[in-house]
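Enquirer: Residue numbering for the sequence shown follows UniProt numbering, beginning at 1 and increasing consecutively.
Simulated from the structure, these hints should not be mistaken for lab results.
With beta-carbon atoms standing in for the labels, derived distance ranges: (1) L253 - R328: 24 to 32 Å; (2) A197 - A239: 18 to 26 Å; (3) G201 - R328: 41 to 49 Å; (4) V340 - V211: 49 to 57 Å; (5) D236 - K202: 15 to 23 Å.
All C-beta atoms, glycine included, are put in the ideal place defined by N, C-alpha and C.
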Amino acid sequence: MRAPWALTRSASLTMRVTLLSATVVLISVGLMAASAYFVVYRAMYNEVDRQLESRADGMTALAKSGLLNERPQALATGTVFSTNISLALVRPDGASYLIGEVPFEDAEKAVARSVNAPGQHNQSLRTLANQRVLARKLDDGNTLVLAQSLLQTDRVLKRLAWVLLVVGGGGVAFAALAGTTVSRAGLRPVTRLTRAAERIGKTQDLTPLPVTGNDELARLTESFNTMLRALGESRDQQARLVADAGHELRTPLTSLRTNLELLMASTAPGAPPVPASDMVELRSDVLAQIEELSTLVGDLVDLAREDAPEVVHEEVDMVEVIERSLERVRRRRSDVDFSVDSSPWYVFGEPAGLSRAILNVLDNAAKWSPRGRAIEVSLRQIDLSTAEFTVADAGPGIPPEDRELVFERFYRSTQSRSMPGSGLGLAIVRQVVVKHGGTITASQSHLGGALIRMTLPGHSVPVEPSPVVVRQ
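Using the sequences and the hints given, assemble the complete structure.
Expert: Next up, the structure:
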């Protein structure tokens, strides 16, 4: 058997709101109805008791004056005249005067046998056989028993109970209806979001939803629209990346295919001989195109890895990263000098991504620097939790209008199109820096070339945190 709360969880939100509102109203109406019934019940019974006490007080006064023994039957009849009260007057000798039906059982017999203390009257008051019965010992030795029927009182109380039940049931039904109506009206934006999500899953249509009002559901719709815009931008970026990658790959692949066909044709039987200088140049072109393709594919792989949902973050020594990157760059450009000024700095991040970013910046500077000129590399702490990494070269620099665009994927300025490269290097750098909470800008250096400035959050001493898998 399933627990009640499990059944509630399986119900729709509208049904839960309806059940909640109906339950709250049911409890409230039930408490109010019970309180009202109890108050009326006590008031009506107190009124019956008051009437009995009033008549008993009158008979007590007559007994005290001695008149009751002189005319007991006449006085008893006058006491209950034109009322629904029955009376029994029991004398000490056992004789009694009865008007109506009066119960006389153990409680009343005990009062009749009792002896009053000075200034007090022994009595009992109870409900018996749908009657309210009062027995009192009088001063003259007689015992007065009064009984009032409760039929009329019970009839009124039953009518009151039915009225409260009908009104309460109507209130609960109205609350359930109102809860259903309000929940459906309030959850209409959620229904629209659900339908929109289903529509997006089927049609890939990312059209934003209309926002009405300024409540929590309106903010939920705005957040959903923000997500749709982010999905649209991501899809556009993905499509642009695929298109740009296809365009960038097409040119070197076409050139490589042409050169390979020439090589194959030159070695075919009966083909005219190709001069040795042309063969050397052709082989050099093939190797250069293969290297260009390798670089482009590697950059695309790096971009895909940076977009991966999970990466391992650990403490990275940036000085060590810079030194390793410089060793690789120096092997490719031994004719360029590097002036390095670095201070200890540790970043909690992804080692491969940070290494790739530093290497790309240094590679870019080495590619544009003239032979024999120095490249200044600096890593210094600028505040308690931030360090600045700068690379200044003496190359042609970056035009002001291109300084923001150079960090876009596949962007290549006019002067760089004659140089080898994929246009992805600085895009990878910015992606890595932003994911690590830093910034990157391009400007002109004092050497006349480009100045790439990166900021990275971290600390100047190692804290050796445990590696953490970070979900992007």
